[in-house]
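2 protein chains.
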Amino acid sequence: MSFSAFLPPRRILMGPGPSDVPPRILEALGRPTIGHLDPRFVDLMDEIKVLLQYAMQTENPLTMPISAPGSAGMEACFVNLVEPGDKVIICQNGVFGGRMQENVERCGGAAVVIQDPWGNAVDPQKLEDTLKAHPDTKVVAFVHAETSTGASSDAKTLVELARRHGCLSIVDAVTSLAGSPLKVDEWEIDAIYSGTQKCLSCVPGISPVSFSERAQQRISNRKHKVQSWFLDMNLIMGYWGQGARRAYHHTAPVNAMYALHEALLIVHEEGLENAWERHQRNHLALKAGLEAMGIRFIVDSAHRLPQLNAVAIPEGVDDADVRRRLLGEHHLEIGAGLGDLAGKVWRIGLMGHSSRIENINHCLQALETVLADVGAPINPGVALSAAQKILAA
Amino acid sequence: MSFSAFLPPRRILMGPGPSDVPPRILEALGRPTIGHLDPRFVDLMDEIKVLLQYAMQTENPLTMPISAPGSAGMEACFVNLVEPGDKVIICQNGVFGGRMQENVERCGGAAVVIQDPWGNAVDPQKLEDTLKAHPDTKVVAFVHAETSTGASSDAKTLVELARRHGCLSIVDAVTSLAGSPLKVDEWEIDAIYSGTQKCLSCVPGISPVSFSERAQQRISNRKHKVQSWFLDMNLIMGYWGQGARRAYHHTAPVNAMYALHEALLIVHEEGLENAWERHQRNHLALKAGLEAMGIRFIVDSAHRLPQLNAVAIPEGVDDADVRRRLLGEHHLEIGAGLGDLAGKVWRIGLMGHSSRIENINHCLQALETVLADVGAPINPGVALSAAQKILAA
Chain C
-6 MSFSAFLPPR RILMGPGPSD VPPRILEALG RPTIGHLDPR FVDLMDEIKV
44 LLQYAMQTEN PLTMPISAPG SAGMEACFVN LVEPGDKVII CQNGVFGGRM
94 QENVERCGGA AVVIQDPWGN AVDPQKLEDT LKAHPDTKVV AFVHAETSTG
144 ASSDAKTLVE LARRHGCLSI VDAVTSLAGS PLKVDEWEID AIYSGTQKCL
194 SCVPGISPVS FSERAQQRIS NRKHKVQSWF LDMNLIMGYW GQGARRAYHH
244 TAPVNAMYAL HEALLIVHEE GLENAWERHQ RNHLALKAGL EAMGIRFIVD
294 SAHRLPQLNA VAIPEGVDDA DVRRRLLGEH HLEIGAGLGD LAGKVWRIGL
344 MGHSSRIENI NHCLQALETV LADVGAPINP GVALSAAQKI LAA
Chain A
-6 MSFSAFLPPR RILMGPGPSD VPPRILEALG RPTIGHLDPR FVDLMDEIKV
44 LLQYAMQTEN PLTMPISAPG SAGMEACFVN LVEPGDKVII CQNGVFGGRM
94 QENVERCGGA AVVIQDPWGN AVDPQKLEDT LKAHPDTKVV AFVHAETSTG
144 ASSDAKTLVE LARRHGCLSI VDAVTSLAGS PLKVDEWEID AIYSGTQKCL
194 SCVPGISPVS FSERAQQRIS NRKHKVQSWF LDMNLIMGYW GQGARRAYHH
244 TAPVNAMYAL HEALLIVHEE GLENAWERHQ RNHLALKAGL EAMGIRFIVD
294 SAHRLPQLNA VAIPEGVDDA DVRRRLLGEH HLEIGAGLGD LAGKVWRIGL
344 MGHSSRIENI NHCLQALETV LADVGAPINP GVALSAAQKI LAA
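Residue numbers (the working numbering), protein chains in the order written: chain C, -6 to 386; chain A, -6 to 386.
Don't take each hint at face value.
If several chains are the same, the list does not tell them apart, and a pair holds so long as it fits within one copy or across any two.
Claimed, not checked - SDA-like cross-link-like pairs, simulated, lysine to any residue; straight-line CA separation at most 25 Å:
#: 1; residue 1: Lys80; residue 2: Asp116
#: 2; residue 1: Lys218; residue 2: Gly78
#: 3; residue 1: Lys218; residue 2: Ile107
#: 4; residue 1: Lys125; residue 2: Ile383
#: 5; residue 1: Lys149; residue 2: Ala386
#: 6; residue 1: Lys80; residue 2: Lys218
#: 7; residue 1: Lys218; residue 2: Glu98
#: 8; residue 1: Lys337; residue 2: Val35
#: 9; residue 1: Lys337; residue 2: Ser(-5)
#: 10; residue 1: Lys119; residue 2: Leu37
#: 11; residue 1: Lys337; residue 2: Gly231
#: 12; residue 1: Lys80; residue 2: Gly287
#: 13; residue 1: Lys131; residue 2: Val375
#: 14; residue 1: Lys216; residue 2: Asp79
#: 15; residue 1: Lys337; residue 2: Asn113
#: 16; residue 1: Lys149; residue 2: Gln118
#: 17; residue 1: Lys125; residue 2: Arg289
Calculated directly from the structure, the hints in this document are not laboratory data.
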């Protein structure tokens, strides 16, 4: 068998992540590796913490990147905060709520799952009713921005309900961080995890997390050891902790940290509020174009994520065929539906560096070309100017 | 607060990992990100599997990189193969055996720990005696190449003992893979994990693993769900499995996979046997130089790892001060002692791309300069020629 270097094909990433990674970040990623205990690397870790605190709008000292993808960040929150027998309410409105339930059960916790239709926001009333029916609940968990449906939930209200009923909150912010408003301290979120490959536009593989002082106390006072050695925050704190001598825990993914630092620098330079605003403006432009073409959003406008646009696949159109042609003929990746929405929706990401005018224009043009070619019932020749009108306003 | 791009300092990495990463791998790492479900990425995954099978000398279909560091690879082996109540014998002769015990206990298993002195190989006789005393043992685990001491154990014999007593074997090959002989199929190892940042000379953050058919059956027939969702091989198989349609599990660290592919290509180009031989030859050269200088190895010659040279810190020498000067004045990183060996030994890595003549010469020269300057009892002016003599032979 013969092998050769892998040269990635040209792609424009407008799926549910990874998003387009800016050259600055790729360049940082490829800088020479140094040791994970090098004093200069320790300085970098400190700076990453400060920049992450800014991106998450928190002063939590326990804010750091987990050395593994968002799924591990989710698991880090659950294995540290849930003990065997603990009751956890999960508000599910898409794929990732289901994964939360798996996590709770694998920790020996008892999951009480509240269902909302996929594409809807989490209903705060249902949460309040469930909290009243289960006064022994320890933790409430939900997804802020459901990557599988494009729906945004009211994190502030849900966290407040949890707190009022004496529960800690775990919030999935994988797709929201840096793309839409997220205020960890102001909203008093107890545990939050995210991913690098969405609105931070960094390479995939790392999961930023943050824990409030209340959460940190819960972790320190656990009766049972955390079931994961790799994700035990009591141990990870020893390596990522401020001030004190760093204790070796695992070998940090050094180059991924270079990239994350550069990604966080970019967020800092643009300013969080400006980034949120850009995501919103570009979403409205894409939306205008798609709707002019005759394509319908599946989430109602009040709960639509600007960074993840879930739209119904037009009647009679072959999902996989269109995505294959977009990729093959237009270098464009958009996302398929997941779970219940497989074959019914496309997920068009406008995350981080992918949220740019060029991408919107290209996506509208490519979609229109392929859909017209397969005979889909769309209005041709109006999408781009509809989008342009929004951006010019 | 103001921030700027992180430009890593110049370093020569001769510690216990990460090792020097060749420019080819850094260049591959920084190539444009594509989607983790892109058909071209799926092809890359297939090629990585084949190249990993070569590097591990196995035809196990369940051979793949875990998307997290070696510690997570270790945890993947334990959480998948150990069920609550299972008895596991751990042969400990350094730091990482202790971590194995933590893993077993956090899985609800019962760990029986056999101790050998740090710096010694694992004693097969002790394992045999313990297997006889504990006939209900399900798994035997040990470290092939102890990164904390530089000692190599006889994996073939230990695995054979385990098998003869009806146990599965878990082998830590973090430091051995591609640096010294390792033959997964010939030795009939059941579960093995490694790291990318040692003798593969890839960036840190990924852990290659492989499971035998027997291990795979054990995983498929578990009575309890694997406690980690992220590391559940039943789920990971769905994404990394051959042939069948790939099911989304987590977002793969795409760019790290580019780098791993390139690192495995380099191993394939050089040839495994040649790589083993190079590590051995360069070790002998470094050893000749160090011993000529008057520095003593802590592991007896029969069990010395060529890729990790643990030496006694000369009498009266300040460990941290010397390492700080090597780093600051000579750009050279060597490793400190861990655990019981902290302050007593240095660990000098000759792993992968770091195992080069230039590095040996630089290390000997830098050590001699600093040690002479702090008044250590060494023989000056003889180390480099002693090393050269070996290489010229």
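Outcome of the hint check:
| no. | hint | result |
| --- | --- | --- |
| 1 | Lys80 / Asp116 | within (20 Å within a copy, 47 Å between copies) |
| 2 | Lys218 / Gly78 | both (14 Å within a copy, 16 Å between copies) |
| 3 | Lys218 / Ile107 | between (29 Å within a copy, 23 Å between copies) |
| 4 | Lys125 / Ile383 | neither (45 Å within a copy, 77 Å between copies) |
| 5 | Lys149 / Ala386 | neither (31 Å within a copy, 72 Å between copies) |
| 6 | Lys80 / Lys218 | both (18 Å within a copy, 19 Å between copies) |
| 7 | Lys218 / Glu98 | both (16 Å within a copy, 9 Å between copies) |
| 8 | Lys337 / Val35 | between (47 Å within a copy, 24 Å between copies) |
| 9 | Lys337 / Ser(-5) | neither (40 Å within a copy, 47 Å between copies) |
| 10 | Lys119 / Leu37 | neither (44 Å within a copy, 45 Å between copies) |
| 11 | Lys337 / Gly231 | between (47 Å within a copy, 23 Å between copies) |
| 12 | Lys80 / Gly287 | neither (45 Å within a copy, 63 Å between copies) |
| 13 | Lys131 / Val375 | neither (52 Å within a copy, 67 Å between copies) |
| 14 | Lys216 / Asp79 | both (12 Å within a copy, 22 Å between copies) |
| 15 | Lys337 / Asn113 | within (16 Å within a copy, 61 Å between copies) |
| 16 | Lys149 / Gln118 | within (14 Å within a copy, 62 Å between copies) |
| 17 | Lys125 / Arg289 | neither (38 Å within a copy, 69 Å between copies) |
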